[in-house]
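S.K.: Below, each chain spelled out in residue letters.
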Amino acid sequence: MGKESRVVRLNYEFGLHARPAAKIVEIVSCFKSEVCIEKGKQQARARSVIELLALAAQNGERLRIFAEGEDAESAVEAVASLFEHGFQEMFGRNL
Amino acid sequence: MEVRRGIGVSAGIVIAPARLLEKSKMAPMKRLIESGSVEGEIKRFRDAVTSAISELEALRAQASETMKPEYAAILDFHSAILKDPSFDKEVGQKIRFNKVSAEYAVSRVLRRYARSISSASDELFRQRSSDIFEIEQRLLRILSHEPLSEDEPIPDKVIFVGHDLAPAQVASLDKSKVVGFVTDYGGKTSHAAIVARAMGIPAVVGLGNITQDVSNGDMLIIDGSKGLVIIDPDERTLERYKLLKQSYEQFERQLLLLRNMPPETLDGFRVQLLANIEFQDELSIALKNGAEGIGLYRTEFLFLREGLSPDEEEQYYAYRNAAVLMGDQPVVIRTLDLGADKMPFDGSIGEDNPFLGCRSIRYTLSRPELFKTQLRAILRASPYGNVKIMLPMVTTVEEVQRAKAFVEDAMEELRERSLPFNPEIEIGVMIEVPSAALTADILATEAKFFSIGTNDLIQYTLAVDRGNQAVASLYQSAHPAVLRLLSHILEVGRKHSIPVAMCGEMGADVAYVPFLLGLGLETLSISPQHLLEIKKVIRSTTLREAGELAQRVLSCKEASEAENILREKVRSLVPQLVQSF
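Order-wise, the sequence lines are chains A and B.
Every number in the numbering used here is 49 more than the matching position in the first sequence, counting from 1.
Every number in the numbering used here is 45 more than the matching position in the second sequence, counting from 1.
One chain only, chain A, in its complex shape (with noise of 0.2 Å):
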């Protein structure tokens, strides 16, 4: 069971809320691993988009993502690059 974690910033300029959450718990649905991300010391299941938008994370603002599992390195690897740069590409100034 492989385990990994990364600190990552927030890079979207409406911050973490509907949209952005849903796309996170439709892309770690694709993998079996748990995942979690952290805002200090609040923490939110990555397959729930209720608890993700609980974080109330702002753009520019730390997160940590945790995932435990068989394919923890790639859901990690996938989860960050939407944090870093993907819900800019994806949503643009759309909410």
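Derived from the structure by calculation, the hints contain no laboratory data.
All C-beta atoms, glycine included, are put in the ideal place defined by N, C-alpha and C.
Among the clues, some could well be false.
[To be verified] Which chain A residues stay away from chain B? Per the calculated CB distances, all over 12 Å, these:
| no. | residue |
| --- | --- |
| 1 | V56 |
| 2 | G118 |
| 3 | E119 |
| 4 | E126 |
| 5 | H134 |
[As the list claims (entries may be wrong)] Listed next, the stretches of chain A that the computed footprint assigns to chain B, with coverage defined by at least 3 CB atoms under 8 Å from CB atoms of chain B:
| no. | segment |
| --- | --- |
| 6 | 64-70 |
| 7 | 94-102 |
Assemble chain B onto chain A, guided by the hints.
M.R.: Leaving out everything else, chain B in the frame of chain A:
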């Protein structure tokens, strides 16, 4: 019977059953279940979730057909919540361990989510918490086996009861059946108030929580003049109000006699009295009440109705209709006066401070296609009457120059299509920001006419959000700063021979009319059902005494002092008017 006091924003009396605009947002009652029913209750919950998801998927399919990506995204978000494993788990646990009904468990869990989201500082997150309420309402509806009926037909003649009235809601109302408005929020100049006055129906706003106290079908009396709403009136009250309604309507009939008389002071000063309209059906009220043209044609409704920009043809027909009906009389069409925040599905929302953001002329200048489409539609309507273009929220002369360049482009495009238009069409600006008022002499070099928009002018001069109850009392129309700006604008107009009109709410306030005439205002544009009472005021005063009044009021140091002088004056001029309103 229960009497509630709010802010009367549109006069008149009406007696009719209530109709709630939104389903009640009341949380379901706590209901305990037997231990043996736990599994069945969880199954009820899961079945409801499955039905809700299939409803959403059906809506989603429609949304992608009609190309509404933003709406589709909202539906996706609702689905994502319903499919969320922690939602399933938490509701299941609540039912199992607390032995409560599925309804109660769903509501508790979702309301907790809504709270955790709405405590976020960001406005966009807070908006999402209203999505959670929508999900709650959908599940509760399914659990109670109510059929899906979001647009039930309205029975005859109802009073609308709602939290507030959003422009988009107003645009979709069946106005032939609404005889009054009653809302929880809002003030004198909120959208519900403006619409009610425009429609000539009584309205009381700012009632706090009337939506909680009224159910569909409850009999209501609105006394718009006193700001009262009576829920479920007793026999005696009902009789008394039927009589009051009669005498009120009698006074209205007396006013109707003024219809064909000129708006002229006792000493022969002729005023031009125009109407502000938004909806097509207001054109007929304007004509019926003797309007001499349209001084403000608001075009926003065209843009809010479907959520998609109206095409050139649709706009052209609306504008042409007004031009034809008014004949030689002016029809001043204001270009789109909305902020990006109000444009459904525009996709560029997210301004921290929309009132100081990309709105009105700033918005249209940044959306060349949308702007030019509107300008082409206006230009195409121009040969059918006396059509003029008015630019809202101008702050610099450069904006006027750029807008005029767009008008040139639009003309060129019409020439290429061999379509007729009036190449001499007049372009004027609204003066509704202090910077425009103070540089009116500079704007005069590019504008053919001015029209003063008092609502925004007051809000921007006094830095007061008129919808914010905490500071609403600072929204003083008679503040010396406001009165001085008005005097300044009219002086510049005289010096540069630019006609100045007023299309703001102030012009429809009986108390301000003598003062405005005294400042030299010659054109008033007001909502159609105020035309007759304003005409009555004009015909009851002389320009000489109005001039003296203006000087006295301009020297006041406080708004309350000025306001008292104005009210006192109009009471001496037209006592019936003040008594009955």
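S.K.: Look at each hint and say if it fits the structure.
M.R.: Here's how the hints hold up against the structure:
Residue-level check passed: A/V56 sits 22 Å from the nearest beta carbon of chain B, beyond 12 Å. Distance check for A/G118 against chain B: the nearest CB is about 16 Å away, which clears 12 Å, and the non-interface claim stands. A/E119, annotated as away from the interface, keeps every beta carbon of chain B farther than 12 Å; the closest lies near 20 Å. For A/E126, the shortest C-beta to C-beta distance to chain B comes to about 23 Å, beyond the 12 Å cut-off, and the non-interface label holds.
Separation of A/H134 from chain B is adequate, the least Cβ-Cβ distance of about 19 Å exceeding the 12 Å criterion. Look at the segment 64-70 of chain A against chain B: 5 of its residues bring a Cβ nearer than 8 Å to a Cβ of that chain, three or more, so the hint holds. Against chain B, the segment 94-102 of chain A contributes 7 residues with a C-beta closer than 8 Å to a partner C-beta. That satisfies the three-residue criterion, and the hint holds.
When the structure is compared with the earlier hints, no violation turns up for any of them.
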